[in-house]
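*Asks:* Protein chains in written order, with numbering that gives the first Met the number 0: chain A, 0 to 345; chain B, 0 to 471.
In silico SDA-like links for lysine to any residue, alpha-carbon gap of 20 Å or less: (1) K287/B / A192/A; (2) K396/B / Q381/B; (3) K62/A / M255/B.
The hints are simulated quantities; they were obtained by calculation from the structure and are not laboratory data. The model shown is predicted, which means the values in this text are computed figures rather than measured ones.
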Amino acid sequence: MREGGRMVHLADGVLLLSIQRLKGERSERSLFHVLNGKRSATTLQDAFFYDLEPIFGLFPYTKYDYEKLLVSFEKRGWLNRATFTLTEAGSMLASPDAVSQLFDRLGGEYRDYTTMTWKRLSLFIQTFMSLEHERTFYPVQADRMAERWVKQIVRTEREWKELIASFHQELETALETVGDPYATAVVYRFTGAFETGYTYEQIATLLDVDARTARLYFLAGWNALLRTVPRDAKILGFAHGLSDERMTLSARESFDLFSAGRTFAQVQSIRRLRTSTIEDHVVEMAMYLDDFPLDQFVPADAIAEVERLREEDSWALKPIFEKTDNLSYFQIRLVFARLKRGETFV
Amino acid sequence: MYEKTLKRVFGHETFRPGQRDVIEAVAEGQDVLAIMPTGAGKSLTFQLPSYLKNEGLTIIVSPLLSLIEDQMLHIRERGERGVARLTSMETLEEKQDILNHLKRYRFLYLSPEQLAVPHVTRALARTPIQMLVIDEAHCISQWGHEFRPEYARLGELRKQLGSPQCMAVTATAPENVKRDIIEKLALFSPSQFVHSANRPEIRLIVERLETERKMPRLIELVREVPTPAVIYTATRREAEALALQLDDALFYHGGMSTEDRRLVQSQFLRDEVAIMVCTSAFGMGVNKDNVRSVIHFQLPATLEAYMQEIGRAGRDGEPAFAVLLYAEGDERIQQFLIDQQYPKDKDIRIAYLERDNGTSLSQLPRLLKMNEEDPVWGLLNQMLAERTLADAVNWVKERKRARYRQLGQMIDYALIKKCRRDYLLNYFSEQPVKQADCCDVCGEISFPPSVQVVSKNVTDWKHRLARIFSFD
Numbered sequence: 000m001r002e003g004g005r006m007v008h009l010a011d012g013v014l015l016l017s018i019q020r021l022k023g024e025r026s027e028r029s030l031f032h033v034l035n036g037k038r039s040a041t042t043l044q045d046a047f048f049y050d051l052e053p054i055f056g057l058f059p060y061t062k063y064d065y066e067k068l069l070v071s072f073e074k075r076g077w078l079n080r081a082t083f084t085l086t087e088a089g090s091m092l093a094s095p096d097a098v099s100q101l102f103d104r105l106g107g108e109y110r111d112y113t114t115m116t117w118k119r120l121s122l123f124i125q126t127f128m129s130l131e132h133e134r135t136f137y138p139v140q141a142d143r144m145a146e147r148w149v150k151q152i153v154r155t156e157r158e159w160k161e162l163i164a165s166f167h168q169e170l171e172t173a174l175e176t177v178g179d180p181y182a183t184a185v186v187y188r189f190t191g192a193f194e195t196g197y198t199y200e201q202i203a204t205l206l207d208v209d210a211r212t213a214r215l216y217f218l219a220g221w222n223a224l225l226r227t228v229p230r231d232a233k234i235l236g237f238a239h240g241l242s243d244e245r246m247t248l249s250a251r252e253s254f255d256l257f258s259a260g261r262t263f264a265q266v267q268s269i270r271r272l273r274t275s276t277i278e279d280h281v282v283e284m285a286m287y288l289d290d291f292p293l294d295q296f297v298p299a300d301a302i303a304e305v306e307r308l309r310e311e312d313s314w315a316l317k318p319i320f321e322k323t324d325n326l327s328y329f330q331i332r333l334v335f336a337r338l339k340r341g342e343t344f345v
Numbered sequence: 000m001y002e003k004t005l006k007r008v009f010g011h012e013t014f015r016p017g018q019r020d021v022i023e024a025v026a027e028g029q030d031v032l033a034i035m036p037t038g039a040g041k042s043l044t045f046q047l048p049s050y051l052k053n054e055g056l057t058i059i060v061s062p063l064l065s066l067i068e069d070q071m072l073h074i075r076e077r078g079e080r081g082v083a084r085l086t087s088m089e090t091l092e093e094k095q096d097i098l099n100h101l102k103r104y105r106f107l108y109l110s111p112e113q114l115a116v117p118h119v120t121r122a123l124a125r126t127p128i129q130m131l132v133i134d135e136a137h138c139i140s141q142w143g144h145e146f147r148p149e150y151a152r153l154g155e156l157r158k159q160l161g162s163p164q165c166m167a168v169t170a171t172a173p174e175n176v177k178r179d180i181i182e183k184l185a186l187f188s189p190s191q192f193v194h195s196a197n198r199p200e201i202r203l204i205v206e207r208l209e210t211e212r213k214m215p216r217l218i219e220l221v222r223e224v225p226t227p228a229v230i231y232t233a234t235r236r237e238a239e240a241l242a243l244q245l246d247d248a249l250f251y252h253g254g255m256s257t258e259d260r261r262l263v264q265s266q267f268l269r270d271e272v273a274i275m276v277c278t279s280a281f282g283m284g285v286n287k288d289n290v291r292s293v294i295h296f297q298l299p300a301t302l303e304a305y306m307q308e309i310g311r312a313g314r315d316g317e318p319a320f321a322v323l324l325y326a327e328g329d330e331r332i333q334q335f336l337i338d339q340q341y342p343k344d345k346d347i348r349i350a351y352l353e354r355d356n357g358t359s360l361s362q363l364p365r366l367l368k369m370n371e372e373d374p375v376w377g378l379l380n381q382m383l384a385e386r387t388l389a390d391a392v393n394w395v396k397e398r399k400r401a402r403y404r405q406l407g408q409m410i411d412y413a414l415i416k417k418c419r420r421d422y423l424l425n426y427f428s429e430q431p432v433k434q435a436d437c438c439d440v441c442g443e444i445s446f447p448p449s450v451q452v453v454s455k456n457v458t459d460w461k462h463r464l465a466r467i468f469s470f471d
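Turn these sequences into a full structure, and let the hints steer you where they fit.
*Replies:* Structural data, given as C-alpha cells:
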C-alpha cells in the first residue's frame, strides 16, 4: 500500500468535479448537504440542477471532516473558498474523463435502496453459505433491518441451491458488462463461508488506488450492477419493498392528491402544510416526473420569457426574478426544472 | 448435576479451573465478586446458574455495545433464544416489546444508562429476577482504569430492583478497586473468587530503544514473533500508519464504518490476516484463542489495561508472547490523553461562574467550545450538579494525579531490572511465581520458528465469485 498523502486520487477528482458543477452559484454548505444526502427541498434542487444526483448522500462527512477537506483542497491550491470555485489546477484535476465516468456511475443514494439491497444480499449469502458449509460466522452486516429481513428469508422453504446458482449467474453476467475495476471491487466485498470480504484498504491494494477511491469503485460497481441486471432478475428480490424513487415520501403524497384531481388549495388544506411546503412538492414533481403540467402553474408566455432570459449554463434564480415582473421564485424554479429536463418552450 | 447442565447446554465436558466454585456460590444464592482473567470463562459462570434454578430473569449490565453484541451472538449460536438486549440500537417499539414480554427471556443484556431509565427500572422491578450481573465491574471504581460515571448509580438501581442476588465480574481489580465494587454495589458479605492474574503461558518482554528505532524494530519483530498477532497503539492515526508499513496487517479502530470493522474482525478470527494493528477499541469481547503475540507499540495508561490487552494472547493455553516497545518520552502521549479526559481548570471556573450568573446549562457547551457529546462535558455537567467550585477543581487535580501515578507504574514496568511477572503480580497483591520461560529479565526469551497459519487467496474476480457461491 502506498501513502496517500500528497498524491492525487480519483476520489479527490470526484469531489472537485462536484464543486466545479456548482459553478460558484451555491455555497459550501449547499454541497455539504448534498454529500450528506439531506432530503430537503433546497438540497434536492441543488443536486438536480447542478448534476450532483450521482453523489447525493454518498459522502456522509461530519462538519469537522468537511471543513478539513476544504482546507486541504485550498492548501493544495485547487480551491478558492471565497467564491467556492476551482482554481485552474483544481479544474485540471476535475476534467479527466475517468473522473466524470466514475462520478456519473455512482448513482446516488435516495431511499437507502442501493445500500439496503447490498446489505441484504451480502448478509444473506454469508449466512446461507455458512450454514450450508456448517461454518460458524461473524455477520458482516450489523444493520437490524437487514438482519431481520435475512432471518425471515433464510427460514422459508425454497429451492435455494438453484436460486443461489441463478444469483451467481446474474451477478457474473452483469459484472462482465460493468467491467473492471468495478467488478473486482464488488466481488471482493462479498463474504462467503470460507473467505471474508475485503476492507476498502485491501481492495485499494488490489486495484492500486487509495481506499477512498476503492470505496467509490465499489459504490459505482454495485449501482451499475443493479441497473444492468434485467428487470426480471431473481437477484432483484433483494430489493423487495424498497423504492429508489428520488421524490420524497411527502411530495409523493401531495402528488397522489394532485393526481386524484385536487387543486393546490385543496391539497394544502388536506395535508395541513404551509404554502411553501406544497410549492416545494410541486417543484419536486417538476424535477422528477416525465410529464408535468407546467402551464397550470405558469402562463405560457412567461415560460418562454424565462427560457429566453436564462443565461446559458446558469441556474441562478435571482437574475430572472429581477428581470421579470409577475413571476415568483416558485414559478421560475418550475420552468427551470423542465428546462433542465431538456424541454424547450421558445 | 452441574456437569450434566454444562454438557447439555454448553456442550463442554469439564469446567475450566475455578468456574465450578463460582457457580456453586451463585447457586447457593450468595452475592459474588469474581475476578477472573480474560479467557477464563466468566460468562459461563453467570449463565449456567440460570439453567440450574430457572427462577427468573438474569440481567447483565455491560458497558459496551460490542461486548453485548458479542455475548449475545455466542448465546444464540448455541441455540438459546431467550436472550434480548436494551441498548441505544433498539427502537422504542422494540424496547417496549421486550419489556412487555420479559417472561420470554432468560437473559437480558443492557447498558447502565438503559437500566437507569425509570420505566425500564420499574418494568424490571415487577418481574422475577434471578440475578443481577455487573460485567466489567471495575468500571464502578474511580480508581479503576476505566471509570464510567454511569456505573456509579448501579448500587441504587439494584435496590430499586428489590436487591436481587448480585454478581460482579471483572478481569482485573487491585485491592482498592475491589473494595469500591463491594461497597458501591452493597454486596452483602460476598463470596470472593480471585483467580490469579498470572498467565503462565505468556512470556513477558520489554525492549527499550530510541524513538527512531521503534518503527524499524517493529517491522523486524512482526517477522520474528509467532502470529496471529495484535499490535496495540495509542491513536487511530498511528494504527493506520503502522498497518500501512507492515506486511499482512490490517488496522482496526473506532472511527471505521461498521461493515469494515466487521470485515477486519472476521478476517482476523478466521486467520485470513496475520496482524491486527489497533487502538484499545479492539479486543473487548473478541474470542480468538490462538493469538500468539501481543505487541505494544505504545504504553497503555495503566497496568490493568496492559494485563487486559496482553491477556488476549494464548487463550488456548499454548505459549504466547507479550512485547512492549518502550522509548523514553513515550509516556507523553498517554499524559496528553489523560489530560484530554478532564475539563481544564479554566473551563471549570468559567462554567461555575456562568452558571452562578444565571446562564442556562444548555448554553454552556457552546460557550466553552465543547461538543455536547463530549464525555468531558458530561463530567463537567455532573460536577456542576454535585460539587462546589473548589471541590471540583480539587477533584480533577486528584483524579489526574492518580492517573499519572498509574501511568508511572506502567513506566516502571518497562524500566525495572527485576522479574516483570513478579512486578505485575505484586501490583495485584499476589505472591510471586517461579516459572521457566518467564520474562526477559529472568532469562532470554526466544521466539519459536514461525508457522504460517494465515492463508491468502487473491485471484481474479470470477474465481473469487465462484468460490463464494460454491457448494463444494
